[in-house]
Amino acid sequence: MSVTSSPEPGTAADRATRRPRAWPAGLDSRRRREAALGYLFIAPLVLWLVATILWPLAASVHLSLLDVRLIGTQGSFIGLDNYIRVLTDDRFWAAIGRSGIWILGNAVLQTVLAFSAALVLAQLFPGVRVARTLVILSWIVPTVVAVIFWRFLLNASGGGLINPLLIELGLTDDPVGFFSSGGSAMTSLIVINSWRWFPFITVILLAALLRVPSDLYEAAAIDGATAVQRFRYITVPMLQPTLFVVGLIGTLLSFNVFDIIWLITAGGPSSDTTTAPVMIYETAFKRFRLSIAAAMSVVTALILVAFALVFIRFAQPKEMG
Amino acid sequence: MTMTRTSVLAGAATALALTALSAPALAQTELLIWHMEQPPHRVERIQSLLDAFNAANPDITVRQEPQNWGEIYAKAPAAVAAGNAPDLLFAIPDFTPLLKQLGAVQPVDAIVAMLDEAHGFYPAALEPYAYDGHVWAVPLYNMAVSLWYHRPMLEAAGIAPPTTWDALRAAAEALTGDGVYGIGLPANKHLYTDQTTYALMVNNGASALYDADGSIRFDTPETQGALAFYDELAAFSPPDIASWTWGEAEACFASRACAMILQFTVITTFETQTDGTPDQLGVAAIPAAEGVADPGTIAYANGVMLLTDDPAKHDAAAEFLSFLMTPENYGRFLNMEPGLFLPVTETGAEAESFWSDPVAVAYRSQIETMLENSRNGRLFGFTDGNIFPSIAAISAQNLISQATQRVVLGDEDPADAAAEVQEMMEDAIE
Chain A
1 MSVTSSPEPG TAADRATRRP RAWPAGLDSR RRREAALGYL FIAPLVLWLV
51 ATILWPLAAS VHLSLLDVRL IGTQGSFIGL DNYIRVLTDD RFWAAIGRSG
101 IWILGNAVLQ TVLAFSAALV LAQLFPGVRV ARTLVILSWI VPTVVAVIFW
151 RFLLNASGGG LINPLLIELG LTDDPVGFFS SGGSAMTSLI VINSWRWFPF
201 ITVILLAALL RVPSDLYEAA AIDGATAVQR FRYITVPMLQ PTLFVVGLIG
251 TLLSFNVFDI IWLITAGGPS SDTTTAPVMI YETAFKRFRL SIAAAMSVVT
301 ALILVAFALV FIRFAQPKEM G
Chain B
1 MTMTRTSVLA GAATALALTA LSAPALAQTE LLIWHMEQPP HRVERIQSLL
51 DAFNAANPDI TVRQEPQNWG EIYAKAPAAV AAGNAPDLLF AIPDFTPLLK
101 QLGAVQPVDA IVAMLDEAHG FYPAALEPYA YDGHVWAVPL YNMAVSLWYH
151 RPMLEAAGIA PPTTWDALRA AAEALTGDGV YGIGLPANKH LYTDQTTYAL
201 MVNNGASALY DADGSIRFDT PETQGALAFY DELAAFSPPD IASWTWGEAE
251 ACFASRACAM ILQFTVITTF ETQTDGTPDQ LGVAAIPAAE GVADPGTIAY
301 ANGVMLLTDD PAKHDAAAEF LSFLMTPENY GRFLNMEPGL FLPVTETGAE
351 AESFWSDPVA VAYRSQIETM LENSRNGRLF GFTDGNIFPS IAAISAQNLI
401 SQATQRVVLG DEDPADAAAE VQEMMEDAIE
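Sequence order for the protein chains is A and B. Counted from 1, the first sequence has number 286 at position 286 by the numbering used here; the numbering is strictly sequential. Counted from 1, the second sequence has number 219 at position 219 by the numbering used here; the numbering is strictly sequential.
Chain B extracted, bound-state conformation:
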């Protein structure tokens, strides 16, 4: 039998029609996420959540492309300028104003309101993203600095976990000796030193970096007091703190060369690199100076920004974030790094999926303390609603740590150092 041209065409048309009928009725919406959680196990955990979401939502496809913090400050603005920015981009508070001033960030008020109603955001997590009449990122997880200590070392010295500056100074001094340093505090020109210095500033009433009119208020008696106290504590720290980042501090703590450190977490290091048991690991709030009314710590509420104005993608993003913040998924998301990432919602803090992780089971009391501390978290440049895009230049240059270096390493008077760095900050925001 020979096929005529007409029969071939008819067959093709039929096949085409059948294909069209069998195709999904819904249009596909694709979402691309850039995040900076590069370690393979974190990427893998995020992918497992994406796979679950994509399977449950056939009309939406979410993809991830891991980035790194070292490059994202240059890469993201370039991507925005080139028109190939991702739809969702993870953020820390001082990254958001940078992209906001490029006009790339979309308000997420509606998504946040919906999630807040369902899960109850902690106000401290929302505060750094709420300004200029909108919310500019959806908080996802929190990290807060706490005081970590070796419980047996303090007990052997008859020292209770310090809650005041006087007690902290006395403990650091008493624990120093025989190759042990009472406290390991960094003095590097580095974000870690920014964080530990600000943690002391908060506890001396110097949490605000801006006045309401956008002028800098770094050179204050409270900041000078915090710098002076930092200098006193640094005397009980190892001599190589000028090159310390988070890793060196954790190594010092794990080797028991440091009795106390200020850190986001040491749980994983303690668990994997020491022979200590969970009950030997102590954690407490950062001690406060006498008479400070509103003590706290430094906390980074990591969030996700929406960079697309496509309504379909906006809806898809809302759908995806609802999925992510649902307690049974949220705990798995947070536990991509167990013992580090803390929930920013009330339902998340009670989620079985969060507390059932083996690390969380073993270190539950420590994580509960971390969570408690995070509720009093603040971030320099993001307090009292006085938030300005220029904070990105201040934090990127690690100017706070430069004040610390002047006092601790350069033996400058804290008043001179604060005045000098105030000028540098004013130059940075010019």
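Chain A extracted, bound-state conformation:
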């Protein structure tokens, strides 16, 4: 009986044994057909991605190098002038700063609301199924309906609900104008947007919570862990991968919110709620500076990509790395 030994890893002999074998002729042709079929299946998706993402992206970059003002007009090549203009424009950086405040405010409020709702809905109580369905209502309502609803709630000149309540509770003597100053307008918008979006995060967190093995909690309880300790040492670590994904996607989605801001304040008072998306829209379709808006879009996209990379680098849980 002869004993054969494997070659040392990394040696020429090892590489030789790893070389692909020549398949029998019939099998080779079958694999090629399968590969071709595979390419055929993914071709529509690839074409779709090229048409809907790559092409518009390339078109935006191209547009940002021209001096087009109005849709339908021709522009000439001006190199990086638009980028220099955008990067040295204080108003653009102020809008980016307001987007930062917007993201932070939404992240904090939505996380608190969503976590609280998910923890409650993870319990078993009569009507929990109905409650789990109802919680997504504010998310599925069309934005324009949500805006009308909130404008009605916050109305101060007859018909509103919040102001009479505040006056009834003695918290104020006169009706409050919730959009009358920059600070209160931004705060009100963050509350409205968080109200609209927290169910989305709630549903994701709830799904993750329900996957945490109950025996972990039981074991911890037997060991004498308090509710806070169970939350701190079981729930949070087990939800970390979900929180990471929600943090990344939620931030990008929040950044791009335009409709609620535009429909309620249009970026005002003055420019106090003009976030980056609002400013880009205004620049393109109100100031009629299409190429400058394209340059703003490209710079903003790069900022978001940089954020995503940093977030992934530092916030990604080890088990996902």
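Hints are supplied without guarantee of correctness; some may be wrong.
What the hints assert, rightly or not - Heads up, incomplete: computed chain B residues facing chain A, CB under 10 Å, no partners named:
{"hint": "1", "residue": "54"}
{"hint": "2", "residue": "57"}
{"hint": "3", "residue": "189"}
{"hint": "4", "residue": "190"}
{"hint": "5", "residue": "235"}
{"hint": "6", "residue": "237"}
{"hint": "7", "residue": "240"}
{"hint": "8", "residue": "243"}
{"hint": "9", "residue": "248"}
{"hint": "10", "residue": "397"}
{"hint": "11", "residue": "402"}
{"hint": "12", "residue": "427"}
Stated by the list, open to error - Covered stretches of chain A (chain B as the covering partner; in silico rule of three or more C-beta atoms under 8 Å from a C-beta of chain B):
{"hint": "13", "segment": "67-73"}
{"hint": "14", "segment": "172-179"}
{"hint": "15", "segment": "279-290"}
By construction, these hints were calculated from the structure, which means they are not laboratory data. Fair warning: this is a prediction, and the values are worked out from it, not measured in the lab. Glycine residues also receive a C-beta, built at the ideal position from the N, C-alpha and C atoms.
Using the hints, position chain B against chain A.
Chain B only, in chain A's frame:
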């Protein structure tokens, strides 16, 4: 009997010849209209007029495609670039220069001259479309801002309808209290605030936004005075005016939480949402500052542009517009929204078809006042013949309202706000 190939061919040829002979002798001309009168009842009224025209003119077919104002500023230039623009496109004055600079708008001098001779256009309606040696749109209907008030509320307070700024301020102050605001003025970054602010600017001698050389003249003592007065009046307005559009103002007025508002019309809202009678609804010209020689208001003369250079379509458009402006049709056209759209011609203002609408019958005196006000209408960027395409960027950004917001909400000094917004306007037209 069997048919030979020859007999079949002969039969077919005969049928073809008969078909050709029975076809209309005139070639068909098709006209496509884009308008922004989207509410279904307006679309329906326009369609009934188109049906009547098409039936009376078998050689012309006019079709409508409703659009909306929110998209048309981007959609129309794109359609022009793609070569599928409509033949006729409704416009407001600051929309026309935008398409004119694309070379898409055709002069309509001949059509306007013909209609003017037959019906007599009000000069204020023509002025915003007449520049660069031509007329660029045919005025169709007017909308002018007036001062609306609850007559019983003023009478109870012993106040006469104000005609001066001092009287308006005093009335607003006297009417404020017990959950009622003397006057509802918007302070939103919105076209409505542009309009109400400009209405006060006009009445303080600040109607011109451009000098003859195209430079901006916003930062003037007259504008600053108008902003300061706006701030004074806003103190008697509800606290949520920072998010007001036309609807909120009308709602405030209808609920009697606002005693007075500046608005194009409130007739429909008053009629349908209050228990008031027509005699309780007051309307007046916008009060003017002391000593202003040429008071007036803001008015939008809506028109229609011709975007085709096809002579046959040009003739068809002239035919259609003649039909539309004929008194018996024009009143029906205006009353697609009774009590809002005002005639821009003398014959239209006397048309039985206009005044016979039930709303016009009930609110005749109010509509007559609105009509009178519209004759003194002006629009920012379209005065004194100093008209420049860059006005589109100024109005689209609601820069006038941003000056108002700075003063009313930001407590800025009117001089600082006017100077700041002057810079923003200069940047916009750069």
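Taking the hints in turn, this is what the structure says about them:
Interface hint status for residue 54 of chain B: violated, as the beta-carbon distance to the closest one in chain A is roughly 31 Å, over 10 Å. For residue 57 of chain B, the interface hint is violated, since its Cβ never comes within 10 Å of a Cβ in chain A; the closest pair sits about 32 Å apart. Of the supplied interface hints, the one on residue 189 of chain B holds, with its beta-carbon coming within about 3 Å of a beta-carbon of chain A, less than 10 Å. A hinted interface residue such as residue 190 of chain B counts as satisfied when its beta carbon comes closer than 10 Å to some beta carbon of chain A; here the least separation is about 6 Å, so the hint holds.
Because the smallest distance between the Cβ of residue 235 of chain B and any Cβ of chain A comes to about 12 Å, over 10 Å, the interface hint for this residue is violated. At a threshold of 10 Å, the smallest CB-CB gap from residue 237 of chain B to chain A is about 8 Å, leaving the interface hint in force. Contact between residue 240 of chain B and chain A, as hinted, is supported at the beta carbon level, the nearest pair being about 4 Å apart and thus within 10 Å. The restraint placing residue 243 of chain B at the interface with chain A holds, with a minimum CB-CB distance near 4 Å, inside the 10 Å limit.
Taking 10 Å as the C-beta cut-off, the interface hint given for residue 248 of chain B holds, the closest approach to chain A being about 7 Å. Hint on residue 397 of chain B holds. Least Cβ distance to chain A is approximately 5 Å, under the 10 Å limit. A distance limit of 10 Å between C-beta atoms decides the matter here; for residue 402 of chain B the minimum to chain A is near 6 Å, and the interface restraint holds. With 10 Å as the threshold, the beta carbon of residue 427 of chain B comes within range of chain A, its nearest partner Cβ sitting at about 8 Å, so the hint holds.
By the rule of at least three residues with a Cβ nearer than 8 Å to a Cβ of chain B, the coverage given for the segment 67-73 of chain A holds, with 4 such residues. By the rule of at least three residues with a Cβ nearer than 8 Å to a Cβ of chain B, the coverage given for the segment 172-179 of chain A holds, with 6 such residues. Taking a C-beta to C-beta cut-off of 8 Å, the segment 279-290 of chain A contributes 5 residues in contact with chain B, enough for the three needed, and the coverage statement holds.
In summary, the numbered hints that this structure violates are 1, 2 and 5.
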